[in-house]
Structures are given as structure tokens and as C-alpha cells.
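Here is how the chains run, residue by residue.
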Amino acid sequence: MIITSFALVGLVFVPIGLASLSASEQVVEIVDRYDIDCIPEQFQNERLAYIQNSETNKTCTRNLIVPRKMNSPVYVYYQLDNFYQNHRRYVKSRSDKQLRSKAYEQVTDNCKPEDKANGLAIVPCGLIAWSLFNDTYKFSLDSKVLEVNKKNIAWKSDQDHKFGSDVYPKNFQSGALIGGAKLNASIPLSEQEDLIVWMRTAALPTFRKLYGKIEVDLELNDKITVVIQNNYNTYGFGGKKKLVLSTTTWIGGKNDFLGVAYLTVGGMCLFLAICFVLLYVFKPRTLGDPSYLSWNRNAAGHPS
Amino acid sequence: MTRTGRLRERLRWSKLYSFSCIRPSVLLDNEAPHSLQGPGYSRVVYCNQPRVHRQKPFKYPTNYISTTKYNAITFLPKAIFEQFRRVANLYFLLAAILSLTPVTPFYAMSMIAPLAFVVGLSMAKEALEDWRRFMQDMEVNFRKVSIHKGEGRFGYKHWQKIRVGDVVKVDKDQFFPADLLLLSSSYEDGICYVETMNLDGETNLKVKRSLEVTLPLDDDEAFNDFRAVIRCEDPNPSLYTFVGNFEYERQVYPLDPSQILLRDSKLRNTRYVYGVVIFTGHDSKIMQNATKSPSKRSRIEKKMDKIIYILFTLLVLISLVSSIGFAAKTKFGMPKWWYLQPQNTTDLYDPSRPMLSGIFHLVTALILYGYLIPISLYVSIEVVKVLQAMFINQDLHMYDEETGIPAQARTSNLNEELGQVDTILSDKTGTLTCNQMDFLKCSIAGISYGLGSSEVEMAAAKQMASEASIAPEQHSSGQDFWEDNRGGFGTSEIELESRINCAIKKPRKPRIRDFNFEDDRLMLGNWTKEPTAGTILLFFRILTLCHTAIPEPNMETGGFTYEAESPDEGAFLVAAREFGFEFCKRTQSSVFVRERDSSSENAIEREFKILNLLEFNSKRKRMSVIVQDESGQINLLCKGADSIVFERLSKHGRMYENDTSKHLNEYGEAGLRTLALAYRVLEESEYSAWNAEFIKVKTTMGPDREAQLERVADMIERDLILVGATAVEDKLQKGVPECIDKLAQAGLKIWVLTGDKMETAINVGFACSLLRQGMKQICISTINCDLVTQDAKKAAKENIFMQITKSAQMIKLEKDRHAAFALIIDGKTLSYALEDDLKNQFLSLAVDCASVICCRVSPKQKALVTRLVKEGTGKTTLAIGDGANDVGMIQEADIGVGISGLEGMQAVMASDFSIAQFRFLERLLVVHGHWCYKRIAQMICYFFYKNIAFGLTLFYFETYTGFSGQSVYDDWYMLLFNVILTSLPVISLGVFEQDVSSEVCLQFPALYQQGPKNLFFDWYRILGWMGNGLYSSLIIFFLNVNIFYDQAFHAGGQTADMAVVGTAMFTCIIWTVNMQIALTMSHFTWIQHLFVWGSIATWYAFLVVYGKSSPLISGNAYQILLEALGPAPVYWVATLIVTASCSIPYLAHISYQRALNPLDHHVIQEIKYYKKDLEDQQMWKRERSKARQETKIGFTARVDAKIRQLKGKLQKKSSTLSIQMVS
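Line by line, the protein sequences are chains A and B.
Residue numbers 21 to 324, in the working numbering, belong to the letters of the first sequence in order.
Residue numbers 580 to 1802, in the working numbering, belong to the letters of the second sequence in order.
Read the hints as simulated data drawn from the structure, not as lab findings.
Warning: the hint list may mix true and false statements.
Sample of chain B residues facing chain A (criterion: CB under 7 Å; computed from the structure) [to be verified]:
| id | residue |
| --- | --- |
| 1 | E826 |
| 2 | Y827 |
| 3 | Y918 |
| 4 | D1625 |
| 5 | G1632 |
| 6 | L1691 |
Quick caveat, the model's predicted, so the values are computed rather than measured.
Cβ atoms here follow ideal geometry from the backbone N, Cα and C, with glycine treated the same way.
Please work from the sequences and hints to get the whole structure.
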């Protein structure tokens, strides 16, 4: 019985593994690290100064080659590295009440140290919002602008229920310290999808966040030009920045691990099944054989 | 009462008794009033003036007793204190308090709610148990007794209302409500009989006598103006001493223990007594003796504490790791993390003071990883135990239909200990025997009468017959030989069987209590036709005359019932009545007997003058009466222990000695109590010469009066002529031998500790098959010396030491594998053997013996022996008893079992479990004990597994968050984890799990050994489970982290945030731990299915509901299942693989173990599953018989020994035969 169950698990898992591997294979992914290359030659030794200086020109142009045909929609992500969005101090520094409704605008207790600017409540308050990612990407294909759709990149429920349509940014980035992006004070938070995406803190220090969608197919060897406004400071903490273009399948983005894991576990099960078969062949024990009862074994040293 | 009754009772026993009731008529010098001064003698009792005792300084406690732990006011503080004595609870309390500060990683609610729930539940249980105790106390407090209300009127009052100084009247068969001074009784000379069973377990009645001066107070009116003062010792626990003075009518009289009636003893054979209350309630001797029942904890629980400490160490360790990591990250990393605004921090995250932040973080980490410690473990165990206890209470197989008493688990925290018992220490009277004697056999003039067989014999025969039918297979080694001799054995088998059958088939006559004799040669007057009719007549005369009983007309049957000092005497009288000699009246000097002649139906009433009565005591071991019949002939009739009687026979009185002693041996082997009967004809002159001397000695006063009396008695009790012997069955309780047999097969050792005499104890030993013929009995006794000097003590001790070492050597040198030894030791010797320097030798000797019987032991010694076994062997002991004398032992043992029989409640009150009859012990241990042990063991292991699997994932995540103390799970998930999501399946495991059914447990007592061997809770297994937890945590965390890494997990392109990862991981945990428990269970009912799969379903249901709730509550988990995870196949696929990979190693392990190394219950499960037992009944039966442990006690062993003996004989015969052939 145990043999069949092991074999069965193995037989189920191997196909699942193959299926996920092939799904992962179908995903086309372009990853481009730009944080170092986007710093002009003369600033390479003082990257931090460059990024913190508001005067410097932060524009940077990258060229990407499409390795395989990418079917629409092509998702655009930015990936940060070594960024502890999961730090307790960071995670706690937000006010869900304030984000949700105008009535709670003043509720900023959890947002310290980014709760008030000049004595006035910041909307949206807290470190998370304050450090909003502010690089921007402009794509063009053969000097034709590729539209990036920034709508519907956040969870629908977040937009509808967690970020109020009557809550407008106030006193944002007006303190002594300027963190990341500024927000358009005339657009309610529920429409600020970049913010909404950002506010979903990542579990790991390496994470991607959705930037937008390119809603046209990209053909093989298409040369995409990206104009990056390299604003966000990852140099201070030695983080990397990457731009990612990816398609998805049913398993989401590229994820070989899942398939490999399934194949491994499935393979192990089959192996175990074979082991038990061998065990059964060489050392058979009929189920319910009374000679295995302890008193029988102790008494006469029964051949086991 | 009628006038006649009153007359009959105007017996003056003191005139009749030779020893105990005689009161010196003059005060001796040394019996002057005690000088009661100094501390310890402050008590003053104003008799009949209870009002005086309402105010200080004579205000003594009322007779209200309370054995509860708490009262309404102290309950809360005390119970809370008790709860937080558990380290784990204290830890959680601290954590809950700290969770109110900013250090906490969780919301305060999520720490406080589970703690409140857990502690509240435990306290509710405590309260319930205490309430039960309270109700029991109330039952006692509200008993009623007749009390003097003034002006010579008596009325009933509750026990609790009694005060010191009250005069109470206690009627026959009532318990004394407090310690009383006996003033007078319904007998003219102020004597009363008391049964002290509840105090010391002794079954024979004790005689108490009042002071001469209070004798006139034998009427209600007499108390109208009765005034007296008692000055005596303060309350103390010594049952056998009392010092005090009685000041009455300006005279002072000394008091001694024989005037004191102790609470919880019972008035017997006396219509009523008057007494004045001296000690009430908790001052009474019995209550002073009550030690506080110690709180007992099972071995498993003690070990569990150790595991908790291990987990605490682990907790501290990983907290340290994480706080050091945090300090380092804060110091070196944080200044660069501008997004945390390191320049504006609090102490918690101050990069400039990383040490301080590190210390704060240590606290945070200790709280965060608290999930390693299963908070709900204690409470779950308690819930499980209460439910298990309910099963025990409701078990119909342990319900006594006769008395309507079910088994009761009085403390539920020892259930699993029942499965690990190694030694049973049992009381005898009331536990093994029912204290009822049946006249079963007799030997008269060298002929044995009585066909009825004792229960033991019947059961043994039955067993032997069934054993014989499977014997050929069992003894396959001597197969050929066996076959050859099959015929010979077969006949005996048939004989046995026919005997059983006839015993069963015989139409049952209406059974007479105390009488179980069947032999037509003697019954219905047929005895006159026997050739030895003369001797038989004498035999019956001795039965009817040689006793101290009183007949009581029974209105219902028209016959008589007899009030006897010991149950044997009652049995003799009933027997004599059945034979046609009805003892019908006793007067001061005569006994009247109705003799029914065989020829005529009408009975002749004969009068026998009782000239002297030399009563029984334990030193003399015999009793005699000197009677003069109507023709004027004087006879001395004597009954006594065979050894004593035999040595007093005259030369020509030994005619039947050989036959009789042969019969006595047979009876003894069958477990019957035997007495030899003899007589002597006295010449008128001889008697009067003796009597003159006797009276002289009787009236002289002096310290050696007792010895003198004995000497004189000894003079006349000589040159006896043996008549015969009686065999009385000390009736065992139903099913006792079978139960002992089964328990022995389960590998349990059984010790009998009894207050009774050695002979009685040995008889019962035989009756229960604890002893058998051919067993080597090691009797250890003291050389008799009454000197109390140091030297004598030393010598006695050395002597005992010699005996012990000699016996130990004997056992060591014994070659025969089947040789069995029995150790029999008496109380006096035991007092030496229990001293520090001897006790280890004694214990090692006792452990080597198959059975141990300790006789004449005091309650204290019972407790000491129990402690010796418990501490000396380090194994679990179980004490079982029914009387107050067993309380010490019951409290001392790891498990105390009380027999809730007819007598008193002390044992039951002190016990952890109570059962109605001894035979239920088998089921209690072998079925419930076995189950509970496995259940609790598995449950605890699983708990640790589950919490390690969960708790460690939190730690792994920390390494990804810069050790900041952020948890990946939502607070609500964690709150629900222990309390709801994983608690019910494990509780159902603890309550319903059974490896094999109860029938199989009973059929294979050997399975019980898994408990005492601790196969299911050894370190190997515990660490295995912990390892499994560690493995699961690694798999769950790293598979999930890698699956939900940086890429999109959703076809809509969204990436995984913390809520998604946390929820996915948590789903995997729920699946894994529930799969694990499903794999662990071997017994599924719909309840287990409901709980296991229901828990998983609950988790999803919770996610949906939680996701639907306002985002202010659910935060990032808002709509998580329906919107984010549900539509993503990766989530489901990840759950599947994680669950599978977590279960595979366990599955592989158990299947490997099963394939190569199956445990007994595995094989039996399989046999049952494939219904092999039905197909191959031969095999099933064979295994059942083989499963019996090699035992040296119990029937089975007895039968085995018999078979071996038979075989040996046959072998000898055949070998001699073959030798003859050769020659």
C-alpha cells in the first residue's frame, strides 16, 4: 500500500513539475541592471553625491533587445535589492486609517518619525510612503513611443477599499528630509497606483514591483530604448536597481524552482517506491505475520 | 425496644471473658490520675455543657470538616497563583505584560487572549473539581446523630453542628461523628464493640469499655443534670494512645484509649452507646491523620517539563542569535538605510547605541519566538484528560451493577500514568476479599467432607482444561513424548472438565450467606448414618458452643442471625445451623442450642452451661470454652490454628492427625482458612481444682496478671483429642484471581500489604494464586524478644540482615528458570527492614521474588513500603485499597486507587481513581491506562512537533528582515494557530485514539508492557518528533520563499508581498501539521475526520471571512484569498508540494519501521485489518496464549507449574521404563 502511495505521489508530481517547468520556459524575461551604468563616468566614485544632488542630470538611456517574442501584456517591473522593506520599523510606519478615509487624516500615531511636517499631519504619512520609488521609465521602439499603461497595476481591492478616493496628499515630502517620490496633491490616493503598489511591503529584501504594462506584442530582436530618470537612491545602502520586462503564464513569472522542486520530490517518491519494492522482494513480511510479535521474537530468536 | 431485647442484652461480658474485659476493682498505685501539666495537655472538656465551648478559651473547632483546596474568597488568588507556578504560563504572562509596551512584535490582544483563555479554562477545571470535593464533605457534614438537647431529651442534629462537650447517642451500625468518651452502652457493664476498619483495616471487632463510674448513665433522662470535666491531651494523630482524666463527682479518674471511640469507626453488636464529644472535626484523630493529599504529576508530565525547558533554552538561544544579529545590523547596516531615517530613531533602533537596541530586541525576540512554547499544551492536555476521565467514568464494563457504582477518575491528571504501572501494592481485606467467610469444607475424624470447590479451584480447573487443549502446540519440543502420553493427560482433563460442568450445572439451591457446603453425607441429618457419627456430633457441638457470638432473632425468616466478633465465627454458626444445630439463645451462664434429630422433625432445645471462656487472641491463636452439658459432664472444647492445636494433643488423641493434616494442607493450598477442632473430657475434680486456681489468678492484681492467666489457661488446654478441621473460604471478590492472573500476564508485580495475620495473608495468597505449592516461600521474621534494649534491637536487625542475604543468595544460586520465590514478611520485621541501612537489601530481595506479602503492617508501614518501592525502583507504583488504613499508601503511591465498596469513603477520598471492585483494575490499567498513555505521549510529541515547525519559520524569516523582529504572518493567524486551527485534531487524538480495540488489549495483556517500557515517550521518539518539526519548518519556509521569490506569482503580473508570502506559508503549515496528525492516528471515527479536515477548512473559511472584514482589521490580508491567492495556481501547487515533502520522511520512516521492525500493536492491527483472526482462529488463540508474559504468579503460572510437574513425572516414568527395557 505504501509503495503504491509513494509511486502515485511520484507519478502525479513529475507531470506537475514538467508542466510548471514548461510554463516557466514560456515566460520571456528581460532583466537589466542599471544602477551603476546610469551614473555618468565622472561620478562613478561619488555615486551618493551624484544621486543626492538635485542639480545633476539623472537621465539615462538603455537599450534592450527582445530575445524571444513577447506577447502582450508585457509587464514592466522595477527590482530593488538589499532594500529592507520588511524591517519592522518600516513595516509599522503607516496609517491604514488615514489612507482609507479623510475623516482619519490626523491619525498618524504609527507613522513616526514621518508623521508630521511643520506640525501638520502628513498624508500619506509614514516611512513607507515617504520612501516611495521615484525612478521613471519611458519606452520607445524604433523611436516610436511604447505606451506604458499604469492603470490596474495594483490590487483592485486595495484601490477600492484601502485607499480612499477622498484622501488627497497633503504636506507630503515637505519636511526637512526628502525621501522618494512626490505625489500630485490633486489626485486622490485611490488613483495613485504607484503608491498603492509600493505600500504593499515586500517579504524579502530583494523584490520586484509592478511599474506598468506594455500592451503590445514585442517581436524577436526588437530593440527597445528606455529613458530612465535615475532618481532613487540605492547607492546609500549598496542596493541594486534593475528594470525587468516579463510576460506571464499560469504560474506567473519565470519560476524554474517550482518545476525543479516538483521533479525532485516526485523523483524521490519514485525512488522510495522502488526501495520499498526491493525491500519487499528481499525481506518480505506478510502483513499480520504473527511471528513478528515481540514475544515470538524474544522467545526463540525467530528468523526475522 | 422490647423488654426482652433489653433483658437479653443484660449480659455481663466481663463475667464471661477471661482476659480483655476484666477490670481491676481497685485502683493500683501506678494508675493514679495522670498528672496533666505542661504543653500538649491543655484541653478541657465540660461534659454536657457545650455552651461553655462557644467562647474562648474553650472554643474548639466545630465538627464541620472541609477537604477542599479553596473557598469562595481564596479561590481566585490561590488558583491564579497555582496557574502561574507553571513556568510556561509565567512566561506567557510576562510576554502578555510586555506586549503592552512598544517592544512587542504583536498586538497586545494576540498575546493576552490565548493566555486568558488557557488560564481561564484550567481554573474552571480546578473549580469544578473542588466543588465535587465540597459536595462530598457536605454529605458527611449533614449526616445526623442523636444529641442531648437538655433536660434529658435527645434529638437529631447534623454532624457539623456537634460541639465539644455534647453528649451523643450512637445507635448500632452507625459511625461515630467525632472522637467520643464512652460513658455507657446498652450492655450492663458498659462494653461496646467497635469496628475500626476505616482506621486500621482490621476486621475483627474491638471491645471498648466505659469507666465504672459512668455506668449508671444509660438512660436518656440520666443526662439531665450530668456534669463532668475531662482534662486531656491536645489533638494529635496517634490512634492508639490517649491520656486524660475524668473529673466526676469530685473524684478524678484516669482515662485510657479503651474508653475512646474514634470518629469514623462503627458501632457493632451493641444497640447503642452514650458518649461525650472530646475532639471534633479536624481535631479528631482520623482527621489529624489525614495528610494533605499530595498533588501528583505523572511521569510523562515531568518529562514534558524537561522538554519545555529544552525548548526554553532553544528559545533563548535563537533570541540571542537574533538580538546579536540585530545589534550588528543596526550598528553597521542601519546608518546606510536612509529609508528608515536612522537619524530620527528611538532607543529601539538606535544605530549609535546598538547594545541597548540589542537588549531591547532580545525581549522582542523572546516574545516573537514564543510560539516555540506551546501555550495551549497544558490546557489541551487538561481538556483531553478530563474527557478521558469521562470515558473512564462512563465505561459500562467498569460499572458495578450490584452496587450501582461506576468507576471514577477523581483526579484526571494521572490517566496516562495508568499505562505505566510496574508494581501494584494491594490491600487485602475489602480489596481482594469481601470480608465474608463461607463454610466450605471440613475434615471430621480423618474424612474430608464438602464437595463444593472454592472459586479459585474452579477457575484454576477451567483454565487448566483450556490450557491443556492448546498445550500440545505450545510444548512442541516434547511433541512425540507428549503424544504418547496424551491419553493419560486426557483423562485428567476430562475429569477436570466434568468437575467444572457439574459445578456449573448443579441446580442452584437458594444460597445461604456464609455457607457454601455441599455434601449429602452430612446434610439433612444424614451424618448420623456415618460410621463416625459420634465424632461428627462432637464436631458440630464445638462449632455451636465454642464462640462469643450473640444470636439475634431475624423477624423476616424466623431464624437467627449472629453477631460475631469475627466473620469466621458467623460462618461456623450458620454452618452448624444448617447441619441441625441451631444456636438460639445465650444467657449469662448458658448457651441454648436447638438440636434437630434426624429421626424426628422436632428440635430439642438443649442447654449447655458455659463454665469458662478462654477467648481468642493473636498470641494464643486458639479459643476454648469449658461447658457442662445437661448430664453434668464437663468438656473443654477448643478451636485454634492447626499448629497450636496439634502440639497440645494427647497421645491417644492423635488418631486422625495424619489424615487431618493432609486435608489441612489441601485446604490451605486451595486458599482456605483452616482451624483445627479438639476437645477434652474433664473430670469434675480436675476442673474444680483448675478453676480454683484460675479464679485466684483472675482476682489477683499485678503487672504479670496477664501472663499468669495465660499460664493457667495453658494448663487446662492440654491433652486434647483431635476431632477435625474446618475450612472456611475467605471469599474473594468477584473476578479477583482472573484479574490478578491477567495483570501478572501484563507484566505487573503485585504486592499484598495487609494488616491481617500471616496465616490469613498466606491463605489469601494461595487463593489469588499469588502463592502456590512448589513456590519457595521466604519467610522473614524476627526472633521473638520483647526486650526493647538497644542490644536486642541490634541483634534482631543483624538476624534479619542474615536472613535477607541468605535468601538473596539462594535466589541467585537457583538454576531452575521456573523456580519462583515468595517473600513473606511481618510488620515487626518490616519495621527493621525499612530502616535506612537495611532497606536496600530488602528491596532488592523483594524485587527478585515473584510475589511479596507483607502482613501485620500498620498504615504507616504501608506508606513506607510504597515509598520504598517507588523510590527504590524508580518505577511507577499503584496502590489499591478500600479502608482508611490504606490512605497513606494510596497517597504515597504514584497512583492511588480506592475501592468504593461498602466501608467508608476515606480511601476513595484520598484516591486518584476509584473503582467498585478489584477486578475492574484490569480494565482500568490494561485498556484505559494503555490507551491514555499512548494518547498523551503522542499528543505531547505532536504538540512539540507542531510548535517547532511553526515557531522556527518565524526565526528563519528574521534573517531576511535584518533581525528586526517583524513577523511574516498576520497577528490573527498566529493567534488562531494554537487556539483554533490546530487544537481540535490533537484533542481528538488525545481522546479517541486507540491503537487496538479494547478487546484486543484484554486478550493481549502483553501489549501493556509498552507503557512501563515507555516505548512511546523515550528521548529517541521525542527527539525524532522534534527533528521532524525542524525538518518541516525548513521545508515550509525555504520552499515557499523560493517559490514566491521576486517574480510575479499571479497571471496578472503582481508580485508577492509579505501578506501573500505569509498567508501561503501559513497555509502550508496548516496542511502539514494536519496531514501529520492524520498520519499519526490509527483509529478514525467521523469525529477525527471532522476535526482534521475541518481544521483545514476552517483555515480557508477564516481567510475568506477575515478577507471580507474591514481592511482596518485585516490590513494587507484584505481579500487575500479571493483576489490574490485563490486565482493563482502557484499557491495551490506550492501547498501541495510543501505538504507532500513534509510528510514523505515520516511516511518513509514508519513504513520502513513497519516493514522491518513492527511493534506488537502494528502486527495485531494488521491481523485485525485483514480479518486473519477470523480465518485462522487457531493462530489467534495460540498467539493469545503466547502473549502471556512468563509469569510466576497467577493461575497461568500455577497451571504451567502443574503441567511441568506432570511432565516431569511422566518423563521420569518413561525414562525408568526405557532403562528397564534396556536392561
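Each hint, compared with the structure:
1. A distance limit of 7 Å between C-beta atoms decides the matter here; for E826 of chain B the minimum to chain A is near 73 Å, and the interface restraint is violated.
2. Proximity of Y827 of chain B to chain A is violated relative to the hint, the smallest CB-CB distance being about 73 Å (cut-off 7 Å).
3. With its C-beta approaching chain A no nearer than about 4 Å, Y918 of chain B sits inside the 7 Å limit, and its interface hint holds.
4. The interface hint given for D1625 of chain B holds, since its Cβ lies 5 Å from the closest Cβ of chain A, which is under the 7 Å cut-off.
5. Interface restraint check for G1632 of chain B: the shortest CB-CB distance to chain A comes to about 4 Å, inside 7 Å, so the restraint holds.
6. Here the hint on L1691 of chain B is kept, as its CB sits about 6 Å from the closest CB of chain A, short of 7 Å.
Consistency note: the structure conflicts with the earlier hints numbered 1 and 2.
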